[in-house]
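We have chain C already, so just place chain U on it with the hints.
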Amino acid sequence: MKFKTNSPLPGFAPALFYTVLYLALIVVIPLSGLFFKTAELGLAQFWDLISGERVTHALMISFATALAAAMINAVFGLIIAWVFVRYDFTGKGLFDAIIDLPFALPTAVAGIALSTLYSGSGWLGNLFNKVGIEIAFTPIGIVIALTFIGLPFVVRSVEPVLRELEKELEEAAASLGANRWQTLYHVVFPTLLPALLSGFALAFARGVGEYGSVIFIAGNVPYVSEVAPLLIVIKLEEYDYAGATAVAAAMLLISFVLLILINALQAWSQRYKASSGNVNAAPDKGFVA
Amino acid sequence: MEIQLSGISKQFGQFKALNNVGLNIQSGELLALLGPSGSGKTTLLRIIAGLENADIGSVYFDGVDMANTPLRERQIGFVFQHYALFKHMTLRENVSFGLRVKTRAFRRPAAAIRARADELLKLVQLGGLEDRYPHQLSGGQRQRVALARALAIDPKVLLLDEPFGALDAKVRKELRQWLRDLHQQTGVTTVFVTHDQEEALELADRVVIMQKGEIAQLGSVDQVYEQPASPLVFDFLGDSNIIAAQWRGDVVHVGDSAIGAYPSTANTAVLDEGAVDVYVRPSDLRIADAEQAGIDVVVNSIQRTGPIVRAEVSFAHSTFAQSHSTLRVELPHLHHDVPRFQTGATLRLRLMQFSVFAPQTITPVREQLSAPILIGRERERLAG
Numbered sequence: 001m002k003f004k005t006n007s008p009l010p011g012f013a014p015a016l017f018y019t020v021l022y023l024a025l026i027v028v029i030p031l032s033g034l035f036f037k038t039a040e041l042g043l044a045q046f047w048d049l050i051s052g053e054r055v056t057h058a059l060m061i062s063f064a065t066a067l068a069a070a071m072i073n074a075v076f077g078l079i080i081a082w083v084f085v086r087y088d089f090t091g092k093g094l095f096d097a098i099i100d101l102p103f104a105l106p107t108a109v110a111g112i113a114l115s116t117l118y119s120g121s122g123w124l125g126n127l128f129n130k131v132g133i134e135i136a137f138t139p140i141g142i143v144i145a146l147t148f149i150g151l152p153f154v155v156r157s158v159e160p161v162l163r164e165l166e167k168e169l170e171e172a173a174a175s176l177g178a179n180r181w182q183t184l185y186h187v188v189f190p191t192l193l194p195a196l197l198s199g200f201a202l203a204f205a206r207g208v209g210e211y212g213s214v215i216f217i218a219g220n221v222p223y224v225s226e227v228a229p230l231l232i233v234i235k236l237e238e239y240d241y242a243g244a245t246a247v248a249a250a251m252l253l254i255s256f257v258l259l260i261l262i263n264a265l266q267a268w269s270q271r272y273k274a275s276s277g278n279v280n281a282a283p284d285k286g287f288v289a
Numbered sequence: 001m002e003i004q005l006s007g008i009s010k011q012f013g014q015f016k017a018l019n020n021v022g023l024n025i026q027s028g029e030l031l032a033l034l035g036p037s038g039s040g041k042t043t044l045l046r047i048i049a050g051l052e053n054a055d056i057g058s059v060y061f062d063g064v065d066m067a068n069t070p071l072r073e074r075q076i077g078f079v080f081q082h083y084a085l086f087k088h089m090t091l092r093e094n095v096s097f098g099l100r101v102k103t104r105a106f107r108r109p110a111a112a113i114r115a116r117a118d119e120l121l122k123l124v125q126l127g128g129l130e131d132r133y134p135h136q137l138s139g140g141q142r143q144r145v146a147l148a149r150a151l152a153i154d155p156k157v158l159l160l161d162e163p164f165g166a167l168d169a170k171v172r173k174e175l176r177q178w179l180r181d182l183h184q185q186t187g188v189t190t191v192f193v194t195h196d197q198e199e200a201l202e203l204a205d206r207v208v209i210m211q212k213g214e215i216a217q218l219g220s221v222d223q224v225y226e227q228p229a230s231p232l233v234f235d236f237l238g239d240s241n242i243i244a245a246q247w248r249g250d251v252v253h254v255g256d257s258a259i260g261a262y263p264s265t266a267n268t269a270v271l272d273e274g275a276v277d278v279y280v281r282p283s284d285l286r287i288a289d290a291e292q293a294g295i296d297v298v299v300n301s302i303q304r305t306g307p308i309v310r311a312e313v314s315f316a317h318s319t320f321a322q323s324h325s326t327l328r329v330e331l332p333h334l335h336h337d338v339p340r341f342q343t344g345a346t347l348r349l350r351l352m353q354f355s356v357f358a359p360q361t362i363t364p365v366r367e368q369l370s371a372p373i374l375i376g377r378e379r380e381r382l383a384g
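Quick note, the sequences are listed as chains C and U, same order. Residue numbering for the first sequence follows our numbering, starting at 1 and increasing by one per position. Residue numbering for the second sequence follows our numbering, starting at 1 and increasing by one per position.
Excised from the complex, chain C in its bound form (with noise of 0.2 Å):
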């Protein structure tokens, strides 16, 4: 890393100090806290219990769940953000109000009505269990909770990209002989992707950590519809301080690293921006007029 000190820009130094300060109070102190209280069990024990089958079952649903969610969104908050950005329709303020509700509303209001309507009984429920799917106490039912409270993440994440994506773009595309599908795949998407993939990263953390939306909707089933973040409370309310902390620190471990993946691949689909770093023109091989 280097530092950059003789940039005309003044304020580099507080505004570092501020930023290492905040990010170290806020978000490394807690963490490492954690990692603190796991290391005193031991690899061995830390294994022990981690391994047991119901702590990998809740782990694999949580983080299962929380991709099918976070995938669903990515596809169908790409859409809602075209339909936003691109149409003019009665109702649209409303509609722009609605997608950003499950930010504001407390998730266990979510997860109860979710779970009213899912149940068996319930007017969804009821639909589905007809054609013989459950999806109260499944985890269907998780997924469409996670999903419910992911996707402000997708469409705002995608619609000012979106906004500013010049219209000439897709005339150029259509004036060179590409169809609509052509002219999606080949100028809108790629240009979209790195918005989509931060949308779906968001979504998909949220997804994981999720808890008060999902335990009404899911059952809590162990081994079927029982996620981390509800396996941690229950030890925690088993005054088990090891276990919980043991699980939360995996779940911490594999967040990391996917959302690591999820950067990547992000970088990777704007390789063209950074390919030298060198934004100044290329060399000319002499324009001769």
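Because the hints were derived from the structure by calculation, they are not lab data. Treat the numbers as computed from the prediction; the structure is a model and nothing was measured. Incorrect hints may appear among the rest.
[As the list claims (entries may be wrong)] Straight-line C-alpha distance at most 27 Å; calculated DSS-like pairs for lysine-lysine:
hint, chain 1, residue 1, chain 2, residue 2
1, U, K156, C, K167
2, U, K87, U, K16
3, U, K16, C, K167
4, U, K122, C, K273
5, C, K130, U, K102
6, C, K167, U, K87
7, U, K87, C, K273
8, C, K37, U, K102
What follows is chain U alone, placed relative to chain C:
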């Protein structure tokens, strides 16, 4: 390919962008659409391309109505002002895009496409940069990539929307010359939009001057420059001085000086007597000989700007009302008149070439006067 536009009208909300525009573009010609912003020139170009649809009117390519041919089937090379390059593609991928998206039946093999893209990049003098990304290029280079990309599909028409508008003066000059050469080589019918009269005059075979959604004048570069059809066209094609004058007995008078000599081509029959406006370019004013007719002026200030000396003068006799009290004069810096332009000096100026229009400030004496007439021409006076 020949393009015919007939009765094109286009409205955006309350704004009439184009009003019943008709135009024939000849095969192989280099045509400029020139006009101030909001004159409808870009809209017209976009309608030719199929990027917009006309509310009324038709576009014909070689006599075929294009109404039901979408943009992507028109085989048009369109170059945008801000290049519209695909940022995530290398130059080669950008240029070959039009070849790669063809349906399998018409697509050339990958190696041939690649070779064609490299060849085009060489043509626009960007050989060796095939694997660069657009952000690594300068503006002029990007616009050349955009041109290469448009040429890749072997367009029947090349349409350019203010192609050099975002570039600096020197690069713009180079690219203009280069586009001119390219047009000569390929012979593709080319239409470009510009608000820069110099660019239009330098590049085009014919110029269409647009104004408020209508064609103000259409003609060769010489025609529009030397016989501007209206005060607005005159004003748009360069700097102008406006002098209030009188038309008396077939002669234009400024105050007591008779300045108007008129060629036989002038349609003086429609003129009677009354007030007119004389339009003269700053570079068409020179010092008159003592016995010559002219306008007496006092030099207010002189400014030397490289090859051109600019002077501001005011009328020596303020006996006649002038809407503009000062005139601007431009001389080449080595011209023999230059030393006589001293602040405070009184000079008599002759008008080498000027146009006469019905006055805009006063109601025309006659309706016909609104029909423009170029009457003064030093060259012809000297010859005669």
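Check the structure against each numbered hint from earlier and tell me which ones fail, lowest number first. The structure breaks hints 2, 5 and 8; every other hint is satisfied.
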